[in-house]
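J.: Below, each chain spelled out in residue letters.
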Amino acid sequence: MKKKRNKLSPSSASSRTGLRGAVATKQSGEIKMNIPLLALGFLLMLTTVSCNKWLDVRPSNQFDKEEQFQTTQGYIDVLVGAYQSMNEEATYGAELSFRFIDVLAQLYGNKSNTATDYYGLSARYAYTEVNDTQHSPKTVIEKLWTKQYNSIAQLNYLLKHLDTRPAELSEGDYRLIKGEALALRGFLHFDLLRLFAPAYSEATANENAIPYVTEFTVSPSDVLTIAEIVERIETDMLAGIALQEDTQDIDQIASNQGTTALGAELFYMFRQNRMNYWAAKALLARMYLYAGDKGNAKKYADEVIDSGWFHFSLISGRNYDERDVRSNIIFTSEHVFSLHHSRLKNVADDFFKTNALDPEEVDLFNTQSVLDGIYESTVEGLESDIRSSAASPSRWSPHSNSVVYSKKYYADHSTNVTQRLIPLIRLPEMYYIAAESAETVEEAREYLNAVRTARNIVTLFTAENLPDQATLQEKLFKEYRKEYYAEGQLWYFYKRFGYTSLQNTVYYGNMNAAYTLPIPDAELEFNPDYQ
Amino acid sequence: MQKILFFASREPCRFPNLHKRFNFLFLMRVNLICGVLLTLTINLLASNSILGQNIHTNTVELGIRTATLKVALQQLEVETGMSIFYPSEIVDRYGAPILPAQKRTIAETLDLLLQGKSLGYSQRGKSIILFEKNMPFERGEERVDRAAQHRVVNGQVLDALGKPLGGVSVYIRNWQRLPQELRNVSSTATDENGIWSLPVPSDTIFLVFSFIGYEKQEIRVGNRNSLTVTMRPDQATQIEDVVVTGLFERPKEVYTGAVRSFNQEELQQVAGNNVLTALKSLDPSFQMPENINLGSNPNALPEVTLRGGNSLVDPGGTTTSPFNYETAPNTPLFILDGFEVSLTRINDLDLTRIKSVDLLKDATATAIYGSRAANGVVVIETVRPASGDLRITYTGNMSLEMADLSDYNLLNAREKFDIENRTGVYSFYGDTRIEQQLEHYYNHRLTEIERGVNTNWMTLPIEVGVGHKHNLYIEGGDESILYGIGGTYLNTQGVMKGSGRRNILGNAYLAYRKNGLNVRNEVTVTSNLGKNSPYGTFRQYTRLNPYWTPYNDDGSLKYYLETVYDESGRRLTNFDSYNNLDGIIPSNTNPVRPMNPLYNAILRVVDQTGYTNIMNNTALQWQVNPWLRLTGSVALQFQWDESDRFLPAQHTSFSATETFERGLYDKGHGKRTNYDVNLGANVNKAFGKHLLFGTLGMNAQQVKSFSNLYTVAGFPNARMDDVTQGLGFLDGASVTGDEGFTRLLGAFANASYAYDNRFLMDASFRLDGSSQFGANNRIAPFWSIGAGWNVHNEPWLQEEEWLDMFRLRYSFGYTGSQNFSSYLARTTSRFYNNMDYRGMIGSYLLGFGNDDLSWQKTQKNNFGFDINVFNRLNIVGNYYIETTQGSIGTVNTAPSSGFTTYSENIGDMKTQGYELYARYNIINAPTNRNNWSVFANLFRVDNKITKLSSTLEAMNARADTTYSTVPITRYAVGQSNSAIWSVKSHGIDPATGYEILEKKDGTLTNIYDPRDQLIIANGRPKLEGTFGTNFEYNGIGANVYLRFRIGGYAYNQTLVDRVENASVNIYNVDRRVAEERWLQPGDVTFFKGLIDYSGRAINAQTLNSSRFVQRSDLLSLESVSVYYRFSDALNKRLNLSNTRITLFSNELYQWSAIQRERGLDYPFSRTFTLQLTTSF
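Those sequence lines, one after another, are chains B and E. Residue 239 in this note's numbering sits at position 239 of the first sequence, with consecutive numbering throughout. Residue 1061 in this note's numbering sits at position 1061 of the second sequence, with consecutive numbering throughout.
Just so you know, nobody snuck in bad clues.
Cross-link-like lysine-lysine pairs, in silico, DSBU-like; alpha carbons within 35 Å at most:
id, chain 1, residue 1, chain 2, residue 2
1, E, Lys671, B, Lys65
2, E, Lys947, B, Lys160
3, E, Lys984, B, Lys138
4, B, Lys160, E, Lys704
5, E, Lys685, E, Lys355
6, B, Lys65, E, Lys667
7, E, Lys947, B, Lys53
Treat the hints as calculated values from the structure; they're not laboratory data. Source: prediction; values computed, not measured.
Modelling step: build the complete structure from the supplied sequences, incorporating the hints.
T.: In structure tokens form, the structure reads like this:
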């Protein structure tokens, strides 16, 4: 380049011009040299502009929000993830459905074996004990709290991005997803409230309870009072119901034995395994009863009962053989809301011993005599109860007289989907709620007798054996205990009525302190509202 | 490759006549020359001349009608496009002849211009250098007369290829001592034919031959009248005088950064194979903390820090990547030939391939690496081929590794049995049935001992590891094409039988150069295989009881080590609670018998990891003009990793496993891909007394990695050792894995400025964008500024001959660190892979991504000085203060948020310390390489935590409730991160045998409470360093490197685990259990009793107390090497060159104040290496 330019200048120039020429060349040379620099600078600027985009890397075995919320399927994935997250052992996969919560309710005989293991400590309400760091009451409570709120965060993550939905997400899907998410958020908070706050009463209603989390953030949310939480749950449930109003009839609750073949519109199927329209109503009934609003409780319970979607499990032709494709030990037609757990067999193997091997430390069982007491098998007129081992021996698996497992979670057939469900709300509870909320004892008896009949009990409630409200509570307790063995509801019943001593208990201290689980240390430490 | 010998050595100033006349002007010129030469040659191929133009063939059409020579030369410069350098003072004196405009060669033009002047010229690439021809006999009658009284010696100087070398300075050593009249004629320079002549007053005179880019030679004249000298290209010195930052190079003379540079020769004085080991000895601020557990395991990746590192390490954090894809938080950045590489890659690098290593420490040196620089930068350049005829260099060595078991002091069979007996192992009060059973054990063991069983288990898995290395390098080329092809085979064998590491490296280098344009490409392929010993962990062998023997009577290997029957022939199980360290924990319900680990060794156990790495670097360089160079380079790196671990069904760890689950195969795969692009522009310019270097550039980098791992179970037959032969996955198991993806984009600018070679300044700025930062904080600025003062160049010091160098420097700036996993700043989800939800599969959140996450910021201050006096004593010192803000750590949050932790910039730390490097040359004769020097390198670093994250505080709280036998790492504001926390102990109560502990309030107690833990001592030494000597005489040399540490403390784990808490009844123990424990009231002992004053066994575990915190002062003979360098004559006779035989030994001896077992899982070793290097 340089040479060429020099050749253009006259070679016979005078020394002066030559000098000037030299100077000029030098200058132009400098400019030329600056061109690459300028180009480089320009390139730099260009790259800086597009740099943010380039730096926005996308992981391949995980995906971030931009990728997640591009398609309808992405939204569905997050929602389904919330249900799957509830399947973990820390919450409804074990602790909140049949394990921790029913050990608290003193439903298993083996908890008294040793006072120092997890079961023994839990049955003695030693909530702050840490006997081993993996599984002790303290860590179970911590994990339960953390996991429950983690599922809530999953829903908040979904809700946060739901309103910036892509065009692809149809109005119908939007309403369905949002309705489920809001109602499920309410559901999860309600169980936290029932566990970690004192039972609802006028005295406790204004006590600080738990945070109600509606934002997707790591900053702690405000701790609200029991009454405020109830209000929030009500808001979420009602909103959830309203959003699902149009889709209340797409449910396919009638047949649980559905296909899971690819291509099916799975998202619109098996609604009873999702926080559906009716489940939200049932939860409201449960919550109004908890909050002492019997009018609303009955209203919603009746609505679920009268919906026609749910019916009692059959008496004749009942099939409790876990190896059979049509078996139905868990009474699926009664499920208003249950979780599908594809690995439930493993869970049952762990806790309820599907093989007749020696009991292990984690097993949950009771003695035959205690079970006979629960189902009043020796009382005339009650021995035909299809729930009891007397009438339905195949619903129970006795290892010996002192070790009897429930078969509710047994699943030994590869295509029998009904045996992979963990019930969270079942129809009988609606009858019980209605009975408890009924204005007259007569009405209450009717509701209870409906269940009794469905359970093949000959002796129904009459004015003689159920004369007044006082007896009603005692009878309700027995019904709950029969119906919800290993389903995690009895504890809340005890707590609601403030029982001072529990049946078959190994704990003789003050129950008042035991009814409220301690808020985990980490929450106390990092949520300023608790300080 | 003519790099700036002149820069650092200040040698030119010592030419008597030049010194007097030119002073700094000459220096400036020289600097300019060097700067330009630097520009020309940096990153270029090694060659002695670059021919863009040949002055003898290229013509120029030029008419000159100017008055002065200077202007004429400028004109010529413009016309030819070449740069002409000259001593201005002389050129200013001359006028120029008038030349008619006509075509001449450049050389002819120059000849005409310089006719009759005392100037000669030579071409150096695109430059022409004018030099003063010394013509002592023509200069003045008077001087000639006097000088003429002396003998005149003449001769010729040749380069390595035998061509005459012009411009070489020839002067008399110690000219100051010459009589006055001779001083002015004591130096000259060779003419274009390499011819020189000088008056020489006596035979004992030494003549010094010196030229840029060549080794200086000193030759005794003797009675010769004529000598021919061959100059050797100098590779050693030139590197020392340039700071290589990986992105650009700067002459050390004007650089204000804290940098330590080492060349190949220095590295090879310490070690034969591993560059990290060599650096550890050469610079104590480059540290590789001894790993007590892993010992000398050849497959263990060392932990490396430079100046101690600046990040607070999350004690709870663990790396998930099986193939070391994630970098430890305090690891420095490694730059190999301009591109970032992993620590593994450096660990496996062949030392013979390394040309130089630069340790960049302070802000000036590191700020151009911006967000990656906080922990320092290690820049490694590999050898580039030299031009010339085909040359083959061979380096080979053989090394022996011998286990160092001197730290172990175990009991023999009888002693072990005695102590068992003494501590009541064979008695069981109150149950005669059990006592009777124990009697059988007693008798069985005693019988074994009586028949002579006394197994020294430690020696069984140990052997002398014989390793070897072969490196062959072929190089050659001419001015336009250069090539180099090399290969290395390196096989290291560890001291545990069957363990070793095998590396095969190959590389090919090709460069083409024309008209200032330069293209080069280098491919490096590394194949690695690391095998772990089938003998398992060494720890097992130190626990096995010596009264057991691994062999049956027929010589076959036992499966169970001990089988004892009662009188009715039933096997007894009283001692079936032996932990074989295979993951099966014995308990009451799970009896485990001691298994024979040697049995496993005969099975086909496979335990290995390996990788293949391909790295391709392509670089393009364009020398636009003498002061501007544009560069662009691309590096691609691929690495494939594979790991295999196969335990056949017969392995002792499956003794209690169901048949179909016996046999396990762990298989792992991984891949890592790097792309790296650099663009840059370099400017060098001198105006008068100003010297300016500038670099502008950008780089983009992408690193992507993934790994997956799975375990297949059920290999009934040991010969079915392929993963496909397994029965299936274990229940519930699936493929696990890990993934990482980061991108980095940076733009940087750097300017170095020197005024008059006295006042120096460096400034850098870098903008970094990283995918690892949160979306709200993606771009980070980093900068540095440095100032320096070359005191020795001050006019008032110029006359001080003793002072060769005295430079003061200071630098300040900000750098960052991003050694953390890829996606901390994003909220990401993953699909459930082990269950479905009614046919659907949902996603779950992996964590909360902190959008506000930003880089860790480290502010660096560095004060430094460089002193060289009498050209003998060299001292370099640095004092530094580094303040880190926002070290990335996990922060706890209220779990009601759905998350318990997230990542946040939290945790501030202040580090300060100093480095002092001193070397004294007792003998230094470059002519024959004879030299002897002693050196000492001192280092100290202290740090103080200034801010802590809530997580770390929560961990402290946990430490307050944890009963631990080891000090738990805990951090506290105002304290060092290496503080050792323990409960203060007052020793063992002579009356009771129990330990007396001090509570926080000062009262004494026997009851241990972890809340009483205090900071007892600091694990960091008050002073550490290396010292030693380098010596060579007539080709025989020796190097000794010793390491010392003073004032640090350590927790003596051996005393706790292997003496006090030793399960004497089950495992073999340290001798001190038997000999130094409390026995009866009145005993003053260090160790507590096995039984207390009332005769009851003391079963309580000894927990972390200050009793075991001991001084860890150390003196170790880290490296000793002796070598013999063949003389030129011998080389010639063997048709070889540069032949050298070296014997290295590493970790020969260690004296330590603390007596503890070292090398628990793998023993430490001493190595001896015999190495041969030669070229032909």
